[in-house]
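Protein sequence lines correspond, in order, to chains A and B.
The numbering used here applies: residue 1 is where the first sequence begins, and numbers increase by one.
The numbering used here applies: residue 1 is where the second sequence begins, and numbers increase by one.
Hints are computed from structural coordinates only; laboratory data are not their basis.
Errors might be hidden in some of the hints.
Stated by the list, open to error - For lysine-lysine, the following DSS-like pairs were computed, each having C-alpha atoms within a straight-line distance of at most 25 Å: (1) A:Lys121 - B:Lys205; (2) A:Lys103 - A:Lys121; (3) B:Lys84 - A:Lys205; (4) A:Lys205 - B:Lys121; (5) B:Lys65 - B:Lys121; (6) B:Lys65 - B:Lys103; (7) A:Lys65 - A:Lys18; (8) B:Lys121 - B:Lys84; (9) A:Lys84 - B:Lys205.
Protein chains: 2
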Amino acid sequence: MRIAELSEQSGVSVPTIKYYLREGLLPQGRLTSPNQAQYDEAHLRRLKLIRALVDVGELSIAETKDVLASIEAPGQSLHETLGKAQVATIPQRMPQVDEEALKEAAREVEELIARRGWQVKRPNPARQWLAEVIATLRALGQEDCLALVDTYADAVEGLAEADVQMVYRRPDRDSMLEGVVVGTILGDAMLAALRRLAHANASAKAGGSGGPSMQGS
Amino acid sequence: MRIAELSEQSGVSVPTIKYYLREGLLPQGRLTSPNQAQYDEAHLRRLKLIRALVDVGELSIAETKDVLASIEAPGQSLHETLGKAQVATIPQRMPQVDEEALKEAAREVEELIARRGWQVKRPNPARQWLAEVIATLRALGQEDCLALVDTYADAVEGLAEADVQMVYRRPDRDSMLEGVVVGTILGDAMLAALRRLAHANASAKAGGSGGPSMQGS
Numbered sequence: 001m002r003i004a005e006l007s008e009q010s011g012v013s014v015p016t017i018k019y020y021l022r023e024g025l026l027p028q029g030r031l032t033s034p035n036q037a038q039y040d041e042a043h044l045r046r047l048k049l050i051r052a053l054v055d056v057g058e059l060s061i062a063e064t065k066d067v068l069a070s071i072e073a074p075g076q077s078l079h080e081t082l083g084k085a086q087v088a089t090i091p092q093r094m095p096q097v098d099e100e101a102l103k104e105a106a107r108e109v110e111e112l113i114a115r116r117g118w119q120v121k122r123p124n125p126a127r128q129w130l131a132e133v134i135a136t137l138r139a140l141g142q143e144d145c146l147a148l149v150d151t152y153a154d155a156v157e158g159l160a161e162a163d164v165q166m167v168y169r170r171p172d173r174d175s176m177l178e179g180v181v182v183g184t185i186l187g188d189a190m191l192a193a194l195r196r197l198a199h200a201n202a203s204a205k206a207g208g209s210g211g212p213s214m215q216g217s
Numbered sequence: 001m002r003i004a005e006l007s008e009q010s011g012v013s014v015p016t017i018k019y020y021l022r023e024g025l026l027p028q029g030r031l032t033s034p035n036q037a038q039y040d041e042a043h044l045r046r047l048k049l050i051r052a053l054v055d056v057g058e059l060s061i062a063e064t065k066d067v068l069a070s071i072e073a074p075g076q077s078l079h080e081t082l083g084k085a086q087v088a089t090i091p092q093r094m095p096q097v098d099e100e101a102l103k104e105a106a107r108e109v110e111e112l113i114a115r116r117g118w119q120v121k122r123p124n125p126a127r128q129w130l131a132e133v134i135a136t137l138r139a140l141g142q143e144d145c146l147a148l149v150d151t152y153a154d155a156v157e158g159l160a161e162a163d164v165q166m167v168y169r170r171p172d173r174d175s176m177l178e179g180v181v182v183g184t185i186l187g188d189a190m191l192a193a194l195r196r197l198a199h200a201n202a203s204a205k206a207g208g209s210g211g212p213s214m215q216g217s
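Given these sequences and hints, build the entire structure.
See below:
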């Protein structure tokens, strides 16, 4: 297909496609004349993956380039490639806790991983993220939340299995990668929204209409 | 206690405390002389709640003021008050989907709530959030993710029960509200980090070392 059709099918404007080509995010088409190139299904899939990273993942062009480069490194297993795409879904953070608290929390994360028998290779930045969350909860005096870590881990175990099966059922590598990025990020949001609805339900059952009144504290 | 001690115990600077007093976020202390006021434990708890909203919830001062006003409305049940605090934890979003797709997704959310027998009063902005996520997944051609909605709902049900029990065990209203805000927001992050670790484990088991190689696509 020509660039105009690639634009139409992907919903990405021609100037944006040309920008991605210049930046090396999208491989060049096959030249059919000095001024004309042909694009194929692989370009369309890659364009969808780029939009998933940029629009849903909110990655910059430079970050998107890094992710695409890392998932294209030769000789990787599917597991390794999907893992690299997933790292792109971890938000940028500014840890608000001190070094020592973070180290202690990192030890707890290792204990958790061992206790659950999870196979998680190093380095995986989700370890660090979890350690930051644990240390922040502790710094804010919310120790009782930390007692729920295993309840949370129980909840995600079956879920993660279902997520991974869904991705592995997809027909090609780019749509698998798209599933990892979009499914992980929008899956977080789905989980967060559902959790709030389930909170409303649990609170209605626990203290709803007949519950304690809030007059005074 | 005097303002200097309130600052020391809360970790919030004196100028910031004075700012909160001027903005009406923190109730005035009891005047003991024309230039001196005394503060108590209620001020300390309220200050922690304000920091939770501002630092963890990333709310503006105006938004924090609205949340504090809404949770202080008289005659509310504990359930209603906690519900209002929870609304503050729903992120600002820019829906990228059209009106019609959003309406269809909203219908699906109502079906889900009915199917699960959840008691969720209207209006609850988490309904709208979930509808946006569903419509966005569909717009991005990720229908297979939507098949997992009930798996996700199963996962959050027990979790939400445990969250709510933890909050209801707290000794006073402000620390309950703090638990709702901090626990909901950092709980989202904990869930997201754990889900990624569980993904790594599920992918290692599904396609790990012996899995298909990624040469070509």
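Consistency of the hints with the structure:
no.	hint	result
1	A:Lys121 - B:Lys205	12 Å, holds
2	A:Lys103 - A:Lys121	19 Å, holds
3	B:Lys84 - A:Lys205	17 Å, holds
4	A:Lys205 - B:Lys121	12 Å, holds
5	B:Lys65 - B:Lys121	24 Å, holds
6	B:Lys65 - B:Lys103	32 Å, violated
7	A:Lys65 - A:Lys18	15 Å, holds
8	B:Lys121 - B:Lys84	12 Å, holds
9	A:Lys84 - B:Lys205	17 Å, holds
Violation of the numbered hints given earlier is confined to hint 6; every other hint is satisfied by the structure.
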